[in-house]
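With chain A's structure known, arrange chain B on it following the hints.
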Amino acid sequence: MDVDGGESSSSDSISVRSIPIHSRQSEDFLYKFKQQNIPACKPVLTPAWVIATLLLLGFFFIPIGLVTLRTSRGVVEIVDRYDADCVPEAFKGNKVSYIKDTSVPKNCTLVLKVHKHMKAPIYVYYQLDNYYQNHRRYVKSRSDQQLLHGLKYNDTSSCKPEESNNGLPIVPCGLIAWSLFNDTYKFIRGTAELRINRKNIAWKSDRNHKFGKHVYPFNFQSGTLIGGGKLDPNVPLGDQEDLIVWMRTAALPSFRKLYGRIEEDLDADDVILVHLMNNYNTYSFGGKKKLVISTSSWLGGKNDFLGVAYIFVGSSAIILALFFLLLHVKNPRPYGDTAYLSWNRKGISS
Amino acid sequence: MKRFVYINDDESPTQEIYCDNRISNRKYTLLNFLPKNLWEQFSRFMNQYFLLIACLQLWSLITPVNPASTWGPLIFIFAVSASKEAWDDYNRYLSDKKANDKEVWVVRQGIKKHLQAQDIHVGNIVWLRENDEVPCDLVLIGTSDPQGLCYLETAALDGETDLKTRAIPSACMGIDSDLLHKIKGVIECPNPDKDIRRFDANLRLFPPFIDNDVCPLTIKNTILQSCYLRNTEWVCGVAVYTGNETKLGMSRGIPEPKLTAMDAMIDKLTGAIFVFQIVVVIVLGIAGNVWKDTEARKHWYVLYPNEGPWYELLVIPLRFELLCSIMIPISIKVSLDLMKGLYAKFIDWDAEMIDHETGCPSHATNTAISEDLGQVEYILTDKTGTLTENKMVFRRCCINGIFYGNESGNALKDARLLNAVASGSPDVIQFLTVMAICNTVIPVQSKTGAILYKAQSQDEDALVQAAAKLHMVFVSKSGNILEIRYNASVLHYEVLEILEFTSERKRMSVVVRDCQNRKIILLSKGADEAILPYTAAGQQTRTFSEAVEQYAQMGLRTLCLAWRELKEDEYHEWSLMFREASSTLVDREWRIAEVCQRLEHDLEALGITAIEDRLQDGVPETIETLRKAGINFWMLTGDKQNTAIQIALSCNFISPEPKGQLLLIDGKTEDEVSRSLERVLLTMSITTSEPKDVAFVVDGWALEILLKHYRKAFTDLAILSRTAICCRVTPSQKAQLVELLKSCDYRTLAVGDGGNDVRMIQQADIGVGISGREGLQAARAADYSIGKFRFLKRLILVHGRYSYNRTAFLSQYSFYKSLLICFIQIFFSFISGVSGTSLFNSVSLMAYNVFYTSIPVLVSVLDKDLSEETVMQHPQILFYCQAGRLLNPSTFAGWFGRSLFHAIVVFIISINAYAYEKSEMEEVAMVALSGCIWLQAFVVTLETNSFTILQHLAIWGNLIAFYVINWIVSAIPSSGMYTIMFRLCGQPSYWITVFLIVAAGMGPILALKYFRYTYRPSKINTLQQAERLGGPILSLGNIEPQPRSLEKEVSPLSITQPKNRSSVYEPLLSDSPNARRSFGSGTPFDFFQSQSRLSSSSYSRNCKDN
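Heads up: the sequence lines are chains A and B, in that order.
When we follow full-length UniProt numbering, the leftmost residue of the first sequence carries the number 1, and every step to the right adds one.
When we follow full-length UniProt numbering, the leftmost residue of the second sequence carries the number 1, and every step to the right adds one.
Isolated chain A (complex conformation) (with noise of 0.2 Å):
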């Protein structure tokens, strides 16, 4: 890198006057723009450049990649896939007509086995797979004026098509809200209920910011078509956490939602059973449902895909740069050769 450029007389053409140090740089430095003679760093991608960038890559994203798997793979995480185990044999054949049927107990148990310890706080998630929560018609399907004002806001147009019901507009209105997911799980350790912290699951801004504190659910799941849960008509909406994490739409058609915490260790060989209601419907569409329990780290939860992907390219850069090295060694390339210019070698040879 050199710096070249701007050591044009500019001075000279500048009228010379007594003036302040600073403008007189402002000027020089105008001048030197409307030149187009600003001095100019020009970064040439020579040999030893490019190939030291690409081994310092390598040699920083190796180790932060290897940081990262590590980090992840400590995480310890439980997944179970409840949705299919949890139809009775009678209804396998038709799993909806099962879930539709609301006389059919939902009740259902799982078994779960730690299988290495897990210090708390452990959270537990539900994860739905094949659930768009993106598509256009659903995320859109909200009212966040609503949401913190409550019915004192009438234009719910962006809510349809459930806004209303029986003339009366839909407190929290709207797909997502309508389609609010329901199961519900209770852990049991041994024989004592195991504790699951419900309080602080949503964000703190959404609870104070973007759901009223003074809102109450209202005409909400009346009509003819039920979707999702239902809400207690006397929490405001500040305080229904499932509904406030369920509104925060997934991008991906896969995604977790926090469900609680357990705020105890697990110690590995734990048994835990969980009791759960299986009353969200994911098998008209093929959805499937999962339980998740995952400590975390300062990364999130279990995630390969950072860490692989580091190593992957840290690894792919310095094999770059040895490559890169290898034909440098063999084959060396004058720099700035102007003989290989066409017009030079046909003049040579002429």
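Think about it this way: if two alpha-carbon atoms lie no more than 27 Å apart in a straight line, the pair counts; the simulated BS3-like pairs of lysine-lysine are:
1. A:Lys106 / B:Lys298
2. B:Lys298 / A:Lys160
3. B:Lys298 / A:Lys288
4. B:Lys84 / A:Lys34
5. A:Lys330 / B:Lys1009
6. A:Lys95 / B:Lys298
7. B:Lys506 / B:Lys194
8. A:Lys330 / B:Lys1019
9. B:Lys1009 / A:Lys42
10. B:Lys345 / A:Lys42
11. B:Lys345 / A:Lys32
12. A:Lys230 / A:Lys186
What the hints contain is simulated information worked out from the structure, not anything from laboratory work.
Just chain B now, with coordinates in the frame of chain A:
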């Protein structure tokens, strides 16, 4: 069509028919501004497209984002161009108002009144005082001057700074000034046109004002709007054309905007992207509808109704159309306009392109076509005043067979001539008389007593000056009486007629009466072929032809002087015809020429004058450099063949014999010309394989035939030939040649300085005017005006090339960044049920296109891939611009691929790193957006060749601004992304993800670029490497070590070694100032010769293949 102007008739109906003198250059009025401006803006396809998109977005069912994300930028863009228009129009209004409100003396109801200029009507009599501006086109009827003359400065009209004389028509001669405002009559004149050199009208005065004769009027009897009255106390005239119908008003008007090759390419690429977009929309639309019908109905939570409205099938495709609409970047127009404005400013500001002689900076009148400068393939240049200084100096003469000035190179110092003058040799005296009188020069006595000459042509000026130095001093001109001082005696001549110079006649004559002996003489001067054929039968003209030949070979301009005594009755007879011809309204010019011909015969040739027109500084170097850059030069000149060839030789236009070959196309008849053309074409096609510089020479006559009958063959020749000299061509032929080259799809640049170049300048893709001595006419009509020919090198190689490179980058980058975000949206639709959900929110989308990605790239206006010095030393590098190597479908495909690759990287990494419990929509969107912003910062960095502080500021400042803006937005509780950015920035995984995106996105790009840079370098890369590592680039000697030594033996020009002479021209005499000049200041001449332009010839021919 004619117009009848009733002078001073307040009741005349003409006052109603013709407009008043209100000048209006305004395009808009207050009322029609909005609709008219909007209409104009919406006549562009891009704007229609954006409007359609913006309207579609109002339909909330299909819009993926807030309509504001399109309306905002659209309104912004419209507001910017509308306010620019409004501002321009307001300024026009102000200047109009100033002109309209000016008070002038107008006769109304027989009384002189002080009125505003805008109230002048056709037929009114207007009085003007000295130094007044003329408010409208007037026909003179009276002046303070007893001879009926007045002096006019026409600089505003034609750019010529000398004073012009105007005379009152003969019918008005002698009318008492008190009676002038009572005058009545009728003027029959053509309908308004824009020809400022013609006014063919008649005047008839009504009784009691003398005879009822029709009196012819010419342009000489008019004073035109915007001229200034000088040296005349007062004049009075009849308004014939007023307001916007004046000659000036008619010639105004906005020229057609020129479209650069680059704009055309960008339009083409835009079209391609549009097609691609439509395909994407159709494919995704179908996929979306299929998915909806098969899958989405099962997803009960989406609650699709079983029966949709009739337009249901259209909803998803339209959503995708809106989602993909950002593929065509809305910001590109604004960015390009801004950049182009700056390119033009850089040209205006360039300190190296200031003409230090006149202090006149270069100026870009047309701010929109700088890129075209870098793509020039043909330069068509005028000779006089463009290549030469147009500073005429009388050097030699040949009087009656005796050559003066051959020894010293300056006839004024030739003792023999001085002796001849002193001894009063009659030949010499006649010769000098013609030099002094046969012209239209106006002598002006300055206060110090010295006589200054105001001449319309530089040649006349040189002749009069030379005559004065030889003691034949043209002292004064009062009316028709010329006063000449010869030695001690004072001679008077009365000018009877002036037979003016036209480019067709190529000569001018005056008929004067010698006041001493009352004889009438015809004095003529003109081109040799316009004079010598008309000499008296007995006279030997051989010596004169030889003299002309000899002078022409020295590159001197020759004029042949002749005279003839007229008989009194012959003159009177002719004078009647002349007058009749002068008063015809139809084909007057032609009729006059015919009548003149009847007088100009049996002339006695007196001698030949030779005037030197020196080459401008740096012309040979400039031509050499630009030819090496692969630009072909054509010289179009009105001068004669030999002069043209000599000038061409001395300025490196063509090479002397061993390297160059001149092919002549001549002939007087069609057959001859066609045979000659065939021969030339044959030779040309044979020699193309040889490293030889072949040029063809054609004269105006043959050219006329060629263009008329052999256009196709001539076009073939034009394509084959890198160099051509066209001599004796008329302005319209110049324009035709430009047209011809343009029709072959070449980028042409026309450079000239005089009024005769205006048409060619306007016709060419780029017109460059030299603001020279022939006035500013060319400079005004041109897109660029420069002070000297040598600035052309810098204009093309530096400004043109940089502009091209920068625009190439900017435009492709604009598409890259729009495509990038668009591809991400498309990918996202695959995981969102092909339903047309937008991943990004409206604010981000709008800011991305208009702000985040536009600012950093704007500073590429400062980017320089190679330093100016390197480009100047390796002008061949211009080839990349000429051939459009930096912006074409294949480079564009590269950028397309890059955006696809980056979109994949950003998308895959974002959705995988932010999967499961982190897959919150706003967060994923911001991660992806951050990835895009980071990538684009690095893309700009990688593609920038030189980093100034501004670049750093813009690139990294923009990145910081991105975070600051998003933090601000995240701090607003009501915004959709409340707290998102704080949340993300607090997560280590966010930063890790972003760095991963950068490394994965840029790594392969860097590696690929490095590989190509090192192992498949383009010429630009090689020079970059040389420039930055090899220290102060290579000296010129290194470029061609081999041929140089060989070339040493070969003579520079055919001066010293006559064996090199060609068949067409004789060796240049060594004492010619032209020859000396071409060596440059201390530069070894063989350098210019040794540059192997040969190699570049085949090279530049290939341009078109790419």
